[in-house]
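Participant: Numbering-wise, this note's numbering comes out as the position in the sequence shown, counting from 1, plus 85.
Calculated from the structure, these hints are not laboratory results. C-beta: ideal position from N, C-alpha, C; glycine also. Check each hint, because a few of them may be wrong.
With a Cα cut of at most 27 Å, we get these calculated DSS-like pairs of lysine-lysine [to be verified]:
{"hint": "1", "residue 1": "Lys-359", "residue 2": "Lys-227"}
{"hint": "2", "residue 1": "Lys-343", "residue 2": "Lys-441"}
{"hint": "3", "residue 1": "Lys-330", "residue 2": "Lys-421"}
{"hint": "4", "residue 1": "Lys-343", "residue 2": "Lys-359"}
{"hint": "5", "residue 1": "Lys-227", "residue 2": "Lys-343"}
{"hint": "6", "residue 1": "Lys-317", "residue 2": "Lys-359"}
Restraint-style ranges between C-beta atoms, simulated for each label pair [as the list claims (entries may be wrong)]:
{"hint": "7", "residue 1": "Gly-206", "residue 2": "Ser-411", "range": "52 to 58 Å"}
{"hint": "8", "residue 1": "Ile-270", "residue 2": "Lys-227", "range": "28 to 34 Å"}
{"hint": "9", "residue 1": "Ala-418", "residue 2": "Arg-297", "range": "44 to 50 Å"}
{"hint": "10", "residue 1": "Asn-221", "residue 2": "Glu-323", "range": "26 to 32 Å"}
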Amino acid sequence: TAVNGIKDDLFQGNEDAYYLTESAFAFAASAMIPIGQASAAGNLTFRSGATIIAKEGISTAAGAGAQKVTTDLTGNQTAGMLAGMAASAATAKGLNGIEAGAKKLEKPKLVDVGAGIENRGLTNSALNKFEEIRENWIDDSKAAQFRDTLNQYAQQSVDIGACATKDKFYQMYANRMYHYTDEYIEQLKSPYLDSGASSVVNRRDLENAFTRFETIGRGEYGNFTTSMMEDKRLLYNESGELVGKSMIETIKGVDPGKYDSGAFQYCYDSEFVKSADKLGLVNVVNGNTPGASSLNIPGGKTWAGYEINYSETEMLMPSIDVSVYSSSDVMDAIEKYGYFEIKNPVVICQDGTQQKINGTFRIEQIGE
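Starting from the given sequences, assemble the full structure and let the hints guide the process.
Facilitator: Written as structure tokens, this is what we have:
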């Protein structure tokens, strides 16, 4: 068994304290990035001699804390998730992240200390499963990122209430079966019900959907989406301008060049999501869901490599039957009107049957 002297001696096995401090140091180290490079990367620009580097650097702790506090105060899960996402993305606008983490560590209870300590055997089982199912398109560099960051994402899953412990996270990944409480699933759904759902594809994906598969999604298994509010926050800068293609690729965790042929956004309005949810057609993603790769992790959020602040929630929307349309219909409408849309579309249920539901599905080109 590996021994971590700093964690075991200095922090007396309190893993929460250890990782909080580790995150603060990691964030502080990022201050060494030259100011020009940091600005170009969308990161914090530091003032010379200022001591502001760790003010909200612990994205997962800050996000989880902000989400919980806001939800408790307002009784509104969507408001809580918005606050959590904002805190996760924040850089140095306040001491909230560090302070929230510090308060969490005050007078730790014995049960809390032990709850976060992972079983090395379960960790290894998860990593072995990753190597077993790893796809060919995942190169050694990306695989190394996955191994390096898996513990960080395990901690995130605990912080947001998806998994009771990191052990549960690793166990779920190894089994490829993800189980969440009904309360957490409703929490995941909340921003989708309020803002709608979103998915970003390239031109080939779009053309195949209409000419080859005749569905938006994988038949009865549905389509992977994130909430519209998250995509609006991440895909557009403070001026409302779309970020560059390379940034979209980073946010979506796809290979470089994915959107060279153009980026298109599938937009499901909130009425669509609510109608689908009433029929039980809005579901969480499992490790064995068709289309889920080895990079799909427990927690209901995407893996975004080292950029954990780009990790988005993920849910399945029902597939849409588009057999009566052609890809030329779509492209002609986009060229003429700026979008293609289907009102009250026919969706494919999990048993393969079809049903017309209320709402609007729209396709927009967001990248040339």
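Participant: Decide, hint by hint, whether the structure agrees.
Facilitator: Right, here's what the structure says about each hint:
Taking the CA atoms of Lys-359 and Lys-227, the gap is near 36 Å; set against the 27 Å cutoff, the hint is violated. Restraint check: the Cα-Cα separation between Lys-343 and Lys-441 comes to about 32 Å, which exceeds 27 Å; the hinted pair is violated. At roughly 23 Å between alpha-carbon atoms, Lys-330 and Lys-421 fall within 27 Å of each other, so this suggested pair holds. With a CA separation close to 31 Å, the supplied pair Lys-343 and Lys-359 exceeds the 27 Å bound.
Pair hint Lys-227 plus Lys-343 holds up; C-alpha atoms about 16 Å apart against a cutoff of 27 Å. At roughly 20 Å between alpha-carbon atoms, Lys-317 and Lys-359 fall within 27 Å of each other, so this suggested pair holds. Distance hint check for Gly-206 and Ser-411: the Cβ-Cβ separation is about 53 Å, which falls inside the suggested range of 52 to 58 Å. Hint check: Ile-270 to Lys-227, Cβ distance near 29 Å, so the stated range 28 to 34 Å holds.
For the pair Ala-418 and Arg-297, the supplied restraint of 44 to 50 Å is violated, since their beta-carbon distance comes to about 20 Å. At roughly 39 Å, the beta carbons of Asn-221 and Glu-323 sit outside the given window of 26 to 32 Å.
Hint compliance for this structure: hints 1, 2, 4, 9 and 10 are broken, all remaining hints hold.
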